[in-house]
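Residue numbers (our numbering), protein chains in the order written: chain A, 456 to 570; chain B, 136 to 247.
To be clear, the hints were calculated from the coordinates, so they are not data collected in a lab.
Cβ atoms here follow ideal geometry from the backbone N, Cα and C, with glycine treated the same way.
A couple of the hints might just be wrong.
Claimed, not checked - Which bits of chain B does chain A cover? Going by a derived footprint, with three or more residues having C-beta under 8 angstroms, they are:
#, region
1, 154-165
2, 234-241
Unchecked claim - In silico DSSO-like cross-links for lysine-lysine, where the CA-CA straight-line distance does not exceed 30 angstroms:
#, chain 1, residue 1, chain 2, residue 2
3, B, 192, B, 229
4, B, 234, B, 206
5, B, 192, B, 152
6, A, 466, B, 172
7, B, 172, B, 234
8, A, 512, A, 472
9, B, 192, B, 206
10, B, 229, B, 152
11, B, 192, B, 234
12, B, 172, B, 246
13, A, 512, B, 229
14, B, 246, A, 512
15, B, 234, B, 152
16, A, 466, B, 206
17, A, 466, A, 512
18, A, 512, B, 172
19, A, 512, B, 234
20, B, 152, B, 172
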Amino acid sequence: GAGVSQSPSNKVTEKGKDVELRCDPISGHTALYWYRQSLGQGLEFLIYFQGNSAPDKSGLPSDRFSAERTGGSVSTLTIQRTQQEDSAVYLCASSLDREVIDGYTFGSGTRLTVV
Amino acid sequence: KNQVEQSPQSLIILEGKNCTLQCNYTVSPFSNLRWYKQDTGRGPVSLTIMTFSENTKSNGRYTATLDADTKQSSLHITASQLSDSASYICVVRKAAGNKLTFGGGTRVLVKP
Chain A
456 GAGVSQSPSN
466 KVTEKGKDVE
476 LRCDPISGHT
486 ALYWYRQSLG
496 QGLEFLIYFQ
506 GNSAPDKSGL
516 PSDRFSAERT
526 GGSVSTLTIQ
536 RTQQEDSAVY
546 LCASSLDREV
556 IDGYTFGSGT
566 RLTVV
Chain B
136 KNQVEQSPQS
146 LIILEGKNCT
156 LQCNYTVSPF
166 SNLRWYKQDT
176 GRGPVSLTIM
186 TFSENTKSNG
196 RYTATLDADT
206 KQSSLHITAS
216 QLSDSASYIC
226 VVRKAAGNKL
236 TFGGGTRVLV
246 KP
């Protein structure tokens, strides 16, 4: 597509439920990133994919968080047994992942509210 | 301590005035530095990107500077407009690997 697409744009869930967030990157972009932005806070790195593999998962805050990417394209971020502190905007970005300068394009995010 | 520090945290300016945002980083080795603008409820949008050898880069009323020796960058907004109200985020890419480090952002509010 023309940009990075994320769905849903908004999600309200009850504490303890599982949620799945989806990211559809720009076609041909091999690198995909997930970030989290809590209210009034900066962007927090969660995980980085190169193709279908995740060489850097260092930002995942707990084992309740997992992500996968299939076909080198769509990625899903899953949060199990959601907690109120998981409430945040989850942003996805993709890039061509060249050493030379290239753009990281962000989606508009999924606003997750855990009640 | 964050490897990318931005200041001030927030800023209020009058429409038509200029302002300068600061970004200091310790990320090493350095590959490039980007300034992003993030409107409320939207994803960040890239304003400028600078490599080690670049000192100044402009994008309309936005001018970024980089001093790779002191590891400092600034973003200057000229003749601010109401639409400049947003968060401005400094992002540094490490040369080894593909890791990005984000600053905490500066929230700018332009008042009429």
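Results of checking the hints against the structure:
Coverage of the region 154-165 of chain B by chain A is violated in this model, with 0 residues showing a Cβ closer than 8 angstroms to a Cβ of that chain against a need of three. Evaluation of the coverage hint for the region 234-241 of chain B: fulfilled, as 7 residues show C-beta separations to chain A shorter than 8 angstroms, against a requirement of three. For the given pair, residue 192 of chain B sits about 20 angstroms from residue 229 of chain B by alpha-carbon distance, which is consistent with the 30 angstroms threshold. Taken as a hint, the residue 234 of chain B and residue 206 of chain B pair is honoured in the structure, with Cα atoms around 17 angstroms apart against an allowance of 30 angstroms.
Under the criterion of a C-alpha separation no larger than 30 angstroms, the hint pairing residue 192 of chain B with residue 152 of chain B is consistent with the structure, at around 20 angstroms. Between residue 466 of chain A and residue 172 of chain B the alpha-carbon distance is near 24 angstroms, which keeps this suggested pair within the 30 angstroms criterion. In summary, the hint linking residue 172 of chain B to residue 234 of chain B is supported, as the alpha carbons are separated by about 20 angstroms, within the 30 angstroms threshold. Pair hint residue 512 of chain A plus residue 472 of chain A holds up; C-alpha atoms about 23 angstroms apart against a cutoff of 30 angstroms.
Distance check on the hinted pair: residue 192 of chain B and residue 206 of chain B sit about 16 angstroms apart at the alpha-carbon level, within 30 angstroms; holds. Restraint check: the Cα-Cα separation between residue 229 of chain B and residue 152 of chain B comes to about 34 angstroms, which exceeds 30 angstroms; the hinted pair is violated. The straight-line distance between the Cα atoms of residue 192 of chain B and residue 234 of chain B is roughly 23 angstroms, inside the 30 angstroms bound, and the hint therefore holds. Of the pairs offered as hints, the one joining residue 172 of chain B and residue 246 of chain B holds, with about 18 angstroms between alpha carbons and a cut-off of 30 angstroms not exceeded.
Restraint check for residue 512 of chain A and residue 229 of chain B: the C-alpha separation of about 16 angstroms stays at or below 30 angstroms, so the hint holds. Distance hint between residue 246 of chain B and residue 512 of chain A is unfulfilled; the C-alpha atoms sit about 41 angstroms from each other, more than 30 angstroms. With a C-alpha separation of about 35 angstroms, the suggested pair residue 234 of chain B and residue 152 of chain B falls outside the 30 angstroms cut-off, and the hint is violated. The straight-line distance between the Cα atoms of residue 466 of chain A and residue 206 of chain B is roughly 39 angstroms, outside the 30 angstroms bound, and the hint therefore fails.
Distance hint between residue 466 of chain A and residue 512 of chain A is fulfilled; the C-alpha atoms sit about 24 angstroms from each other, no more than 30 angstroms. Only pairs whose Cα atoms come within 30 angstroms are accepted, and residue 512 of chain A paired with residue 172 of chain B is accepted, the gap being roughly 26 angstroms. Restraint check: the Cα-Cα separation between residue 512 of chain A and residue 234 of chain B comes to about 11 angstroms, which is no more than 30 angstroms; the hinted pair holds. For a cut-off of 30 angstroms, the pair hint linking residue 152 of chain B to residue 172 of chain B stands: about 18 angstroms separates their Cα positions.
Hint check: violations occur at hints 1, 10, 14, 15, 16; the rest are consistent with the structure.
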